[in-house]
Amino acid sequence: DTGVSQDPRHKITKRGQNVTFRCDPISEHNRLYWYRQTLGQGPEFLTYFQNEAQLEKSRLLSDRFSAERPKGSFSTLEIQRTEQGDSAMYLCASSDPGGADTQYFGPGTRLTVL
Amino acid sequence: RKEVEQDPGPFNVPEGATVAFNCTYSNSASQSFFWYRQDCRKEPKLLMSVYSSGNEDGRFTAQLNRASQYISLLIRDSKLSDSATYLCVVKLGYGGSQGNLIFGKGTKLSVKP
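As you go down the protein sequences, you meet chains Z and X in turn.
Take the first sequence: its letter number 33 is residue 33 in my numbering, and every next letter is one higher.
For my numbering, count along the second sequence from 1 and bump the result up by 1000.
Any given hint might turn out to be false.
What the hints assert, rightly or not - With a Cα cut of at most 25 Å, we get these calculated DSS-like pairs of lysine-lysine:
1) Z:Lys11 / X:Lys1045
2) Z:Lys57 / X:Lys1108
3) Z:Lys57 / X:Lys1079
Said to hold, decoys possible - A few chain Z positions that, by computed beta-carbon distances, are all more than 10 Å from chain X:
4) Arg15
5) Asp24
6) Gln41
7) Glu52
8) Asp63
9) Ser73
10) Leu91
11) Asp101
12) Gly106
13) Gly108
Read the hints as simulated data drawn from the structure, not as lab findings.
The beta-carbon is built from N, C-alpha and C at its ideal position, and this holds for glycine as well.
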C-alpha cells in the first residue's frame, strides 16, 4: 500500500500521560499536514510541514503539542500531559505541490483519554 | 460565523433519488474548493474538486458561485454505497497557512433500499 499510513490506529491513555503518533506520508510528497477531528465536526488544521520545516501552527496547537519531521519523511505528533479534551481522531495528510497539491489522508489515530 | 457552513442534515433518501448539498464559505479570498467524502470512522477522501465553470463526474455534479460564495454538490440516481458524510472544503491558497484545508462540519447522507 503506497498511501499515507499512521500508527497506532487506536490509543487509549490516562489523563496526564504523554502519547506520540507517527505518520508516514506518500513517498514523493514533501508537504505533510496534521488535522484533528472530533465527533460531529470536520477536521481542523493543526500544523504543516514542507520537507523538514514546520511552517505553520494553528492556535489549536497548545504548548502541550509538538510535531516533528526530522528528515523530511515521516512525522511524529506528541501530546504531553494529555487531557480528556484531547480525545479525537488525529489525521495526517500529505500532498505533492508539483502535482495538483491534492491532500491524501491517512486512516487516522483515534485517541481516547480516560 | 463559521468559515465553511453546510446543510446540517441528515439526509435520508431512497435509492435512485437525486439529492443536493449546499455549502457557503466566508472568506472571499478562497482559491480552491472540494468535496470530500468520509465513511463512518474512516478518513476523508477526495470526491471531486469544484471549478468555477462547474464540473461533473458520473452521477456527481459540483457547482461554484464565487459571487455568492456558494458551493453545491448534486448526486443523481443515488446508490446505497453513496451513504457517507460529505464534507465541503475550501483552501485559501498554496502552502503554509494558505494551503491547509478548511472543512465544513459535513452532511450525513443515508440512502435506503
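Against the structure, the hints:
A threshold of 25 Å between alpha carbons decides the hint, and for Lys11 of chain Z with Lys1045 of chain X the separation of about 23 Å falls inside it, so the pair holds. A threshold of 25 Å between alpha carbons decides the hint, and for Lys57 of chain Z with Lys1108 of chain X the separation of about 30 Å lies outside it, so the pair is violated. Annotation: proposed proximity of Lys57 of chain Z to Lys1079 of chain X is violated, straight-line Cα distance about 40 Å (limit 25 Å). Distance check on Arg15 of chain Z: its Cβ is at least 23 Å (rounded) from any Cβ of chain X, clearing the 10 Å threshold; non-interface status holds.
Asp24 of chain Z, annotated as away from the interface, keeps every beta carbon of chain X farther than 10 Å; the closest lies near 14 Å. A beta-carbon of chain X comes within 10 Å of the beta-carbon of Gln41 of chain Z; the shortest separation is about 6 Å. Chain X leaves Glu52 of chain Z outside its interface by the beta-carbon criterion, the shortest separation being 15 Å against a cut-off of 10 Å. Asp63 of chain Z, annotated as away from the interface, keeps every beta carbon of chain X farther than 10 Å; the closest lies near 19 Å.
With a minimum CB-CB distance of about 19 Å to chain X, Ser73 of chain Z clears the 10 Å threshold, and the non-interface call stands. A beta-carbon of chain X comes within 10 Å of the beta-carbon of Leu91 of chain Z; the shortest separation is about 6 Å. Against the 10 Å criterion, Asp101 of chain Z falls within the reach of chain X, whose nearest CB is about 6 Å from its own CB. Its closest Cβ contact with chain X, about 6 Å, brings Gly106 of chain Z to no more than 10 Å, contrary to its assignment away from the interface.
Distance check for Gly108 of chain Z against chain X: the nearest CB is about 5 Å away, which does not clear 10 Å, and the non-interface claim fails.
Consistency with the previously given hints fails for numbers 2, 3, 6, 10, 11, 12, 13, ordered from lowest to highest.
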